[in-house]
Amino acid sequence: MIPDGASLMIGGFMAVGSPTRIIQEIVRQNKRNLTVIANDTAVPGVGIGSLVSAKLVNKLIVSHIGLNPETQRQMMDGNLDVELVPQGTLVERIRAGGCGLGGVLTRTGIGTQVEQGKSRIEIAGTSYLLETALQADFALIHAFLADHTGNLTYALTARNFNPIMAMSGHTVIASADNVVPVGVISPDHVVTPAPLVDFLVGNP
Amino acid sequence: MISMEPQVTIARRIARELQSGMLVNLGIGIPTLVAKYLSPDVQVFFQSENGLIGTGAPPEEGLAHPALTDAAGHPVTALPGASTFDSAMSFGLIRGGHVDLTVLGGLQVDQGGHLANWMIPGKLVPGMGGAMDLVTGAKRVIVAMQHAAKGASKFVGSCTLPVTSTRRVDLVVTELAVIGFSEEHPILLERAPGISVAQILEKTEARLMVPQDVPEMTL
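In the order they appear, the protein sequences are chains F and S. So the first sequence is residues 8 to 211, counted in this note's numbering. So the second sequence is residues 895 to 1113, counted in this note's numbering.
Please note that the accuracy of each hint is not assured.
What the hints assert, rightly or not - Listed next, the in silico SDA-like pairs over lysine to any residue satisfying Cα-Cα at most 25 Å (straight line):
id	chain 1	residue 1	chain 2	residue 2
1	F	K66	S	P1020
2	F	K125	S	K1044
3	F	K125	S	I1014
4	F	K125	S	E1084
5	S	K1017	F	T133
6	F	K66	S	E1096
7	S	K1033	F	S60
8	S	K1033	F	E77
9	S	K1017	F	P76
10	S	K1033	F	D84
11	S	K1017	F	L74
12	F	K38	F	V89
13	F	K125	S	T1060
14	F	K125	S	G991
15	S	K1044	S	E1096
16	S	K1017	F	E77
17	S	K1017	F	V111
18	S	K1017	F	T156
19	F	K62	S	G967
20	S	K1017	F	I68
21	S	K1017	F	G132
22	S	K1017	F	G73
23	S	K1017	F	S60
24	S	K1033	F	L137
25	F	K125	S	A966
26	S	K1033	F	V111
27	S	K1017	F	M82
28	F	K66	S	I1014
29	S	K1017	F	E90
30	S	K1033	F	V53
31	F	K66	S	K1033
32	S	K1017	F	N210
33	S	K1017	F	D84
34	S	K1017	F	M83
35	S	K1033	F	I130
36	F	K62	S	G1074
37	S	K1017	S	A966
38	S	K1033	F	I128
39	S	K1033	S	G956
Simulated from the structure, these hints should not be mistaken for laboratory data. Small disclaimer: the values here were computed from a predicted structure and weren't measured.
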């Protein structure tokens, strides 16, 4: 389903809340030239790090790669294009992409390297950077509970970028620790509503 | 003089800046240690920017929950009254000025109070993670760093490394000194037990204002 050259948003924070089984399948199928938008690349060979270690990624948009020397090495060697984005800006760019907004205005990054190539907009005497929205061909996310219609809830800090990315991938593929009958997740506790989820990967 | 590891001196001094009721975000490294030296009388909420308020100490061996970690990916506990949320909410709290205090590590701080802590061009490019948002949005920013590294002062005239924000930090705590900022100058506020003003100035590249009386830190 995912072709070579696809752009992927992948949930998780240091691999916590990453859709590990989906990532492993991409590695198995050896899909190449991927663009990955995610918070970080975990550590070598783990979570999103396994895509990097298998050299399947040629562009990364992330906030942090400090705990993955393999990502840094590929970047220094010129084999991997890495755009570093402040974490709060990254999540807002993804949110904007899924909410029909062209971008967001933030003070974060003003006067730093992050400002290069961006417009500055002044509102009521305060300067903001214009940060453009992000979308991707696929959002690959992981939930704690999924019901048969695709409603999702998340566990503790495994939530992170997942519900935001569920809004901004053209096709959303979710994996879940547990798939439960409809009704188990009460409407008040649904975080990602079913119509957003196109495909669900259960836990065998 | 009590002999103490530099990071312990720094963490213990910073722990005294925390007040009950504060929402506090601790960065990776020395800042994480601050929680360990907090007085039991002080009740604060610790935020982990991966989506948790109410972060507690690391769990006992064997009790780690795979979906309960801090921003470094290390297992933590959640205290009674904790809450979890997504990354947009987490950074809304940070950028929106809801975080009372952040403590961050530093590679350099300069005379103007600018912090550099996210990359060494050509050598180490970890990325800024949440640091730029924290320095921009937190009500108060404290830098926890060693005074010098490999013989070179980390408190410099002007940052040679890319800065994290143009916002001036509020306080810098090293194993030798506590330094604050007035409108124009950094000011030496306190010295570590047994350390003289001359010893601090010798290891400081930035021009420090030195008041007549520089008291010892209470740890």
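25 Å limit on alpha-carbon distance, applied to hinted pair F:K66 and S:I1014:
21 Å, holds
25 Å Cα cutoff - pair F:K125, S:G991
24 Å, holds
Given hint F:V89 paired with F:K38 - CA-CA distance at most 25 Å:
19 Å, holds
Distance restraint between F:K66 and S:P1020, which requires alpha-carbon spacing of 25 Å or less:
This hinted pair holds, its Cα atoms lying about 16 Å apart.
So if I understand the rule, the pair passes when the alpha-carbon distance is 25 Å or less; does S:K1017 with F:P76 pass?
11 Å, holds
Taking only the CA atoms, is the gap from F:K125 to S:I1014 under or equal to 25 Å?
23 Å, holds
Just to be careful, I want the Cα atoms of S:K1033 and F:I128 compared with a cutoff of 25 Å; is the pair within it?
OK: S:K1033 and F:I128 at ~23 Å, within 25 Å.
Within 25 Å, alpha carbon to alpha carbon, are S:K1017 and F:E90?
Holds, because 17 Å separates the two Cα atoms, which is no more than 25 Å.
For the pair supplied as a hint, S:K1017 and F:L74, confirm whether the alpha-carbon distance does not exceed 25 Å.
Roughly 14 Å separates the two Cα atoms, so the pair holds.
Would the hint linking S:K1017 and F:N210 be met if the CA-CA limit is 25 Å?
41 Å, violated
Sort out whether S:G967 lies within 25 Å of F:K62, counting only the CA atoms.
Given pair F:K62, S:G967 holds - Cα atoms ~23 Å apart, limit 25 Å.
Mind checking the alpha carbons of F:K125 and S:T1060 for me, to see if they're no more than 25 Å apart?
16 Å, holds
Hints 2, 4, 5, 6, 7, 8, 10, 17, 18, 21, 25, 30, 31, 32, 36, 39, counting from the list given before, are not met by this structure.
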